[in-house]
Amino acid sequence: MNFKRTILATTLMAAMSATQAAPTNEEIWQLLQEMKQELNSVKQQNDTLKAQNEDLKQQMQATEVKVQEATETAEAMAVASEEAIKNVAAKDSKTSIGGYGELHYNNLENKGNAEDKDELDFHRFVLFFNHEFNDRLRFFSELELEHALAGKGKEGEVELEQAFIQYDLNDKHRVNAGLFLLPIGLLNETHEPNTFYGVERNNVENRIIPTTWWEAGAMLSGELSKGFSYDVAATGGLKTDAGSNYAVRSGRQKVSESVADDFAYTARLKWTGIPGVELASSVQYQEDITQSLDTNAGSAFLWEVHAAIQRGDFGLRTLYATWDLDGDGPESVGADEQTGWYIEPSYKLTDSVGVFTRYSMYDNQAGNSSDSEIKQWDLGVNWWLDPQVAIKFDYQEQDAENKNDEFDGFNVGLGYQF
Amino acid sequence: MTNSVNRQGLVSLLTALLLFVVTTNVSARGVYQTNEAFLNEVYDQTVPKSDVIWLKGEVREQVKKILGHNYNGLRIRYWKQNNRSTWILEEIGKEEPITFGIVINGDSVEKVKVLAYRESRGWEVKHPAFTQQFNDAKLKNQALDRNIDGITGATLSVRAMTAVVTLALYLDDFVSTLS
Numbered sequence: 008m009n010f011k012r013t014i015l016a017t018t019l020m021a022a023m024s025a026t027q028a029a030p031t032n033e034e035i036w037q038l039l040q041e042m043k044q045e046l047n048s049v050k051q052q053n054d055t056l057k058a059q060n061e062d063l064k065q066q067m068q069a070t071e072v073k074v075q076e077a078t079e080t081a082e083a084m085a086v087a088s089e090e091a092i093k094n095v096a097a098k099d100s101k102t103s104i105g106g107y108g109e110l111h112y113n114n115l116e117n118k119g120n121a122e123d124k125d126e127l128d129f130h131r132f133v134l135f136f137n138h139e140f141n142d143r144l145r146f147f148s149e150l151e152l153e154h155a156l157a158g159k160g161k162e163g164e165v166e167l168e169q170a171f172i173q174y175d176l177n178d179k180h181r182v183n184a185g186l187f188l189l190p191i192g193l194l195n196e197t198h199e200p201n202t203f204y205g206v207e208r209n210n211v212e213n214r215i216i217p218t219t220w221w222e223a224g225a226m227l228s229g230e231l232s233k234g235f236s237y238d239v240a241a242t243g244g245l246k247t248d249a250g251s252n253y254a255v256r257s258g259r260q261k262v263s264e265s266v267a268d269d270f271a272y273t274a275r276l277k278w279t280g281i282p283g284v285e286l287a288s289s290v291q292y293q294e295d296i297t298q299s300l301d302t303n304a305g306s307a308f309l310w311e312v313h314a315a316i317q318r319g320d321f322g323l324r325t326l327y328a329t330w331d332l333d334g335d336g337p338e339s340v341g342a343d344e345q346t347g348w349y350i351e352p353s354y355k356l357t358d359s360v361g362v363f364t365r366y367s368m369y370d371n372q373a374g375n376s377s378d379s380e381i382k383q384w385d386l387g388v389n390w391w392l393d394p395q396v397a398i399k400f401d402y403q404e405q406d407a408e409n410k411n412d413e414f415d416g417f418n419v420g421l422g423y424q425f
Numbered sequence: 135m136t137n138s139v140n141r142q143g144l145v146s147l148l149t150a151l152l153l154f155v156v157t158t159n160v161s162a163r164g165v166y167q168t169n170e171a172f173l174n175e176v177y178d179q180t181v182p183k184s185d186v187i188w189l190k191g192e193v194r195e196q197v198k199k200i201l202g203h204n205y206n207g208l209r210i211r212y213w214k215q216n217n218r219s220t221w222i223l224e225e226i227g228k229e230e231p232i233t234f235g236i237v238i239n240g241d242s243v244e245k246v247k248v249l250a251y252r253e254s255r256g257w258e259v260k261h262p263a264f265t266q267q268f269n270d271a272k273l274k275n276q277a278l279d280r281n282i283d284g285i286t287g288a289t290l291s292v293r294a295m296t297a298v299v300t301l302a303l304y305l306d307d308f309v310s311t312l313s
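Chains D and F are the protein sequences, given in the same order.
Letter by letter, the first sequence follows residues 8 to 425 of this note's numbering.
Letter by letter, the second sequence follows residues 135 to 313 of this note's numbering.
For reference, chain D alone in the conformation it holds in the complex (with noise of 0.2 angstroms):
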């Protein structure tokens, strides 16, 4: 209404103002009706000029309804998709594998008339395969290709190293049964070749704890309070004897038709009641150790215990072992006793180089006076490429009484583990 209103006055001023002399009466009648004219349609134009605002702000609010659809859509898109890859992957992530590998070459000089060792070998090629039933039950298993050519006539050999169902009994405590790695020592249950130093595992840890030691039974395990937890298990035993001078390592069945005449039990606690310290202590007991064969021979103890610290870029790891033989056998060729212990202490120079060197000693006939020991030290490096590949390389003196069984020379290893 304002707005006519100016509008008005300003032509009547207007008006006036032109003519000067006063208009007449029907002039000014007609110029009323021509404003009157202009007023309509400038009315009627702002009416469309509504109309087509409203118009326009509808379309828009519906283009942002229909953004906001499309977002939801694709939205929900995303997240059905997601969870039907998920839900497809949950399935697979049922049975998982994993692996690991070592290659070694080793390059030693044998002090005596023995030949020296010159070699190239892919000493182990493993598989894992493993799968989770539920929740509290699960499958793990671990076959292995040792020296990569089986058969008959061939260096290496097919292994099932481990092949068992864990079950929680509940949040603390669980039961391992079929076929297991035994609870003792450092590298028999974790051997990967990224996770020790040197290229091939002490001999404390091969001659005297008979590692990679599997056997078949059932084995119960759990936490105990403050940082102690435990291992017992039922297994079958070793079968050992006379013509290998009762050496432990011999004596392995690996679960493949084993007589099982005498079994073992082992027990072991363990504490790692600060991060970067683990301290245990194992204990086994063979009913007979020549699976009642050998009647100059019978039950078997062993007793090992050991340390592996990390704290910040230093390591070290120490073990000793040590087996008591019964019988007059063993006691003749001085196997009753058998027994070794190393040190090795690390240093990581970065993220991925570390130093080490071990000393280890081992005899498996410490029972007598006769000099039987060998002595080994060792000086290396490992590379990691990768925290799971790792380029080690080390040097290795030997010192034994027979010069037959030492070699000195230097070992190069390539490991991984996925």
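Treat the hints as calculated values from the structure; they're not laboratory data.
One or more of the hints may lead you astray.
[Said to hold, decoys possible] Calculated cross-link-like contacts (lysine-lysine; reagent style DSSO-like; alpha-carbon spacing at most 30 angstroms):
{"no.": "1", "chain 1": "F", "residue 1": "190", "chain 2": "D", "residue 2": "101"}
{"no.": "2", "chain 1": "F", "residue 1": "198", "chain 2": "D", "residue 2": "355"}
{"no.": "3", "chain 1": "F", "residue 1": "274", "chain 2": "D", "residue 2": "118"}
{"no.": "4", "chain 1": "D", "residue 1": "101", "chain 2": "F", "residue 2": "247"}
{"no.": "5", "chain 1": "D", "residue 1": "233", "chain 2": "F", "residue 2": "245"}
{"no.": "6", "chain 1": "F", "residue 1": "245", "chain 2": "D", "residue 2": "101"}
{"no.": "7", "chain 1": "F", "residue 1": "190", "chain 2": "D", "residue 2": "179"}
{"no.": "8", "chain 1": "F", "residue 1": "190", "chain 2": "D", "residue 2": "93"}
{"no.": "9", "chain 1": "F", "residue 1": "198", "chain 2": "D", "residue 2": "101"}
{"no.": "10", "chain 1": "D", "residue 1": "179", "chain 2": "F", "residue 2": "198"}
{"no.": "11", "chain 1": "F", "residue 1": "247", "chain 2": "D", "residue 2": "233"}
{"no.": "12", "chain 1": "D", "residue 1": "233", "chain 2": "F", "residue 2": "272"}
{"no.": "13", "chain 1": "D", "residue 1": "93", "chain 2": "F", "residue 2": "245"}
{"no.": "14", "chain 1": "F", "residue 1": "190", "chain 2": "D", "residue 2": "73"}
{"no.": "15", "chain 1": "F", "residue 1": "247", "chain 2": "D", "residue 2": "382"}
{"no.": "16", "chain 1": "D", "residue 1": "355", "chain 2": "F", "residue 2": "272"}
{"no.": "17", "chain 1": "D", "residue 1": "73", "chain 2": "F", "residue 2": "183"}
With the hints as your guide, set chain F onto chain D.
Relative to the frame of chain D, chain F by itself:
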């Protein structure tokens, strides 16, 4: 004869132990705490509404850098109230996924807990003595500002935990700059 007597004794001992363990504690299993129970514990029974981060662009790249691989999913869900955010993340240790619950307060770690562990060995990573090492840890150049002492035989689980805690710190920092 003596062998079978010995064996019977030891087998009965084992059975007795088994029974003792089964009857004394019949609670959880590989899953130590459900996600819901963990959240209820963190937020004192009044869990805030969750939110999600979409893994795209810069975030996706950073997540890949921290974990060493892409995250298994398009979004990561989190719970945030005031300056406290909670993250439930999964990462594979050696072969099996481990579920972690991580609480970030301000710009540092308040708490890390292993909610589910499925590997055959190495469950020492769930001990408070071990997880406490992460308390108060902060982000420094997209990594943790401190050294974490490992566990013999659980190297990969420790590595997974370190990566996941770093990820939670990064994501918390990211959502904080958004709001």
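A quick look at each hint next to the structure:
At most 30 angstroms may separate the alpha-carbon atoms for a hinted pair to count; residue 190 (chain F) and residue 101 (chain D) meet this at roughly 28 angstroms. For the hint linking residue 198 (chain F) to residue 355 (chain D), the alpha-carbon distance of about 27 angstroms falls within 30 angstroms, and the restraint holds. Using a Cα cut-off of 30 angstroms, the hinted pair residue 274 (chain F) and residue 118 (chain D) is violated, with the two alpha carbons roughly 54 angstroms apart. The straight-line distance between the Cα atoms of residue 101 (chain D) and residue 247 (chain F) is roughly 23 angstroms, inside the 30 angstroms bound, and the hint therefore holds.
Taken as a hint, the residue 233 (chain D) and residue 245 (chain F) pair is honoured in the structure, with Cα atoms around 19 angstroms apart against an allowance of 30 angstroms. Note on residue 245 (chain F) and residue 101 (chain D): the hinted pairing holds, with a Cα-Cα distance of about 29 angstroms set against a maximum of 30 angstroms. Between residue 190 (chain F) and residue 179 (chain D) the CA atoms are separated by roughly 40 angstroms; this puts the pair beyond 30 angstroms, and the hint is violated. With a CA separation close to 18 angstroms, the supplied pair residue 190 (chain F) and residue 93 (chain D) stays within the 30 angstroms bound.
The straight-line distance between the Cα atoms of residue 198 (chain F) and residue 101 (chain D) is roughly 24 angstroms, inside the 30 angstroms bound, and the hint therefore holds. A hinted pair counts as satisfied when its Cα atoms are at most 30 angstroms apart, and residue 179 (chain D) with residue 198 (chain F) does not qualify at roughly 34 angstroms. Between residue 247 (chain F) and residue 233 (chain D), the direct Cα distance comes to roughly 17 angstroms. Compliance with the 30 angstroms bound is thereby established for this hinted pair. Only pairs whose Cα atoms come within 30 angstroms are accepted, and residue 233 (chain D) paired with residue 272 (chain F) is accepted, the gap being roughly 27 angstroms.
Restraint check for residue 93 (chain D) and residue 245 (chain F): the C-alpha separation of about 28 angstroms stays at or below 30 angstroms, so the hint holds. Between residue 190 (chain F) and residue 73 (chain D) the CA atoms are separated by roughly 23 angstroms; this keeps the pair inside 30 angstroms, and the hint holds. Among the hinted pairs, residue 247 (chain F) with residue 382 (chain D) is inconsistent with the structure: their alpha-carbon atoms are about 45 angstroms apart, more than 30 angstroms. For the hint linking residue 355 (chain D) to residue 272 (chain F), the alpha-carbon distance of about 24 angstroms falls within 30 angstroms, and the restraint holds.
For the hint linking residue 73 (chain D) to residue 183 (chain F), the alpha-carbon distance of about 27 angstroms falls within 30 angstroms, and the restraint holds.
Checked against the numbered hints listed earlier, the structure breaks hints 3, 7, 10 and 15; every other hint is satisfied.
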